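A.B. asks: Each chain, written out:
Protein chains: 2
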Amino acid sequence: MAFFPQNEGLFCESPKPITLIARHLHGRGTWLRIKRLSSATPTASPPTSKDSIVNLDAGDPTMYESFWKGMGDQGAITISSWQTISYFSDVTNFCWFLEPEFAREIRRLHKLVGNAVTEDRYLIVGTGSSQLLQAAIYALSPSDTPSPMNVVSAVPYYLTYAPLMDYLRSGLFRWAGDACTFKGDAYIELVCSPSNLDGFRRQAVLKSEGGKTIHDLAYYWPQYTPITNPADHDISIFTVSKSIGHAGSRLGWALVKDTAVAQKMTKFIDRSTIGVSKVSQIQVAKIFKVVSDSYEHPIPENPNKLFDFGRRLPVDRWKKLREAVKASKIFSLPEFPSETCKFTGEKAETLPAFAWLKCEKEGIEDCASFLRTHKILTRGGSYFGASPNYTRVSMIDRDETFDLFTERLSSLH
Amino acid sequence: MAFFPQNEGLFCESPKPITLIARHLHGRGTWLRIKRLSSATPTASPPTSKDSIVNLDAGDPTMYESFWKGMGDQGAITISSWQTISYFSDVTNFCWFLEPEFAREIRRLHKLVGNAVTEDRYLIVGTGSSQLLQAAIYALSPSDTPSPMNVVSAVPYYLTYAPLMDYLRSGLFRWAGDACTFKGDAYIELVCSPSNLDGFRRQAVLKSEGGKTIHDLAYYWPQYTPITNPADHDISIFTVSKSIGHAGSRLGWALVKDTAVAQKMTKFIDRSTIGVSKVSQIQVAKIFKVVSDSYEHPIPENPNKLFDFGRRLPVDRWKKLREAVKASKIFSLPEFPSETCKFTGEKAETLPAFAWLKCEKEGIEDCASFLRTHKILTRGGSYFGASPNYTRVSMIDRDETFDLFTERLSSLH
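So the protein lines, in turn, are chains L and X.
Sequential numbering from 1 applies to the first sequence in UniProt numbering.
Sequential numbering from 1 applies to the second sequence in UniProt numbering.
Isolated chain L, as found in the complex:
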């Protein structure tokens, strides 16, 4: 699940309001309350001075802007005003709002990368992966059960799972917390792999005949982790935002084995939003095509390739971050295994979209609060049911933001 920035919650109170942010923003009266929340700071714009707030709290994938600017007009689309009138994209498909070209390019991209089995799988499009997660939970929850289905995930899980499951107080499903301590047969286990906290691979921890599993594979792409085999789960959810960067297009997709589940997911999206933006699907189909073409039919004038860029930049960033951590002497980072990536054919280290930073200095118990006093905004460990010694730092923001972060971090002792 992407879960950024808003499923982390513009509205979740952060432990310590950032009053200094308020000075940087202008808005309506009660927007002041929101402006005081770290994830409401303008990650959409880079820092303007050495003294600026560095906001790496959310996961806005603005790192990808420079790549797409480098691609020039290749990914551009022109849409005629009469193109998106009808509700229907494909009346021969029960997922009637799925644009056929979008579906073709998704299957083509998975085949190229080798990160998911698409043969004999239903493809369901959603308005971002968060809608698809809700659709999958709706589809897996019996409608005739007297008590809600339990939705669980292994700790450390993303704390926003809870409000996402419970914000409508559904009688069909409810958040039931840590999968590791869950007892019972009736459950849906969410498995986010690689983890959207620390980047490590995850597997389902529960096994039961009555249990169901949903795999959130938002980060199972070569830029973040070695591709070891094509994912082949009952329900696998992917998102455009973390695969190619276009979070603002609000698109995700699910690969689903079971017909009834795929139909019920379609029904959920039908009820929830009467389908999914055709314009976004047309745009992203074109961009997926550019990505696949760059590998299958490269053109000499522009040798840029998304996943090459997506490896190169994080390699450099993780190197810089580890140097800054070393220089500071008060932080530490997890070490990751290296494996052979079947897509690149090379041995590759895991390079998560987020750094799980730990403050080792005695007397500092809350890493995020300590960084906040230095105007570095991150997402504290307590958000994930982990120790506040840890904090999560986005690694996929713009260069200016990331460079200012490592520069400032290395100066902290």
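Note that these hints are calculated values from the structure, not bench results.
Model, not experiment: these values are computed from the prediction.
Note that the list lumps identical chains together, so a pair holds whenever it fits in one copy or between two copies.
Okay, derived cross-link-like pairs now, DSSO-like style, lysine-lysine, Cα gap no bigger than 30 Å in a straight line:
#1 Lys375 / Lys264
#2 Lys286 / Lys69
#3 Lys69 / Lys289
#4 Lys319 / Lys305
#5 Lys267 / Lys375
#6 Lys257 / Lys267
Place chain X on chain L using the hints.
C.D. replies: Showing chain X alone in chain L's frame:
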């Protein structure tokens, strides 16, 4: 509320399955079940022969295609691949996913048409008006109440209101049926005006201190009804699909008076889909601009104007329909009042997007079923809690479909 086609439910069983439709479609195994439902027939494509099925069951606004084709490149947009990376559209607005240009053009269009007060109103964008309706109900339902808030509407109401309120079995709100018979103080009344059944204006029937009202103004545009004054309600919901035709772009907007309600609606859309497609907003902002420019800065090369087209065509269609009804001698239609439209300055008749057709012939108790035997698909009165003598016919489909319909209708005796 638009509520077409999918909130009417691809999945709602129609009284009598249309097996003959199945021959026209090809799809996966269980899609056969869906193909048997009238609203699943391809309204996205016009009839191919005199003998074709005429599907006027849903409300696919394909009538507008010919207008936008006539506008040539004026409404076209080109979007660069790097344009929609960030989640954020406007970090100075608590509705952080609202594209400023889209907001500007909405306010400009309302000012031009005079159909809604926008000054000192919050503007919330949604993935179609159905998401906004759910957001508004969420916003108006107390989170600390022991029993769900009652959502009501005056009969005849659209039967899909019920599943839309209840599909998640929320503990916050529930469908409570007919507003006219509702007793109590705690309710949310949905007022769809003009009605999405018969085109008549509606007003709230309940009045209570504890009661709330949501106005669905999808059809309050000059092509359907005379504009008599700017709507000024606590919550007014509009949709792109019925105003300019672009149902496939999945956009709607709400004008909201109260800050806390607007924030809670934003929070719902944040949780539900983490915002709204930027690409759709960029496209529709451009199309709104073309519409407003055509009135405020007309160009001699292309004098076409959306609302002029939107009046001209329905005037012609309603004339043809009344002639067909007269020729058949077995049907009747409601008569509508004429009023001066403040937008056109002319006396104008109400020309609803749907015809509420009644079969007067003795022995025919189910009008929709009778028409179905003649391969005319409509939405029977029973869907609206009304007599099956009535059926609802879409007036906003393509010319070919509409002409075939009136031709066939006039031949029925």
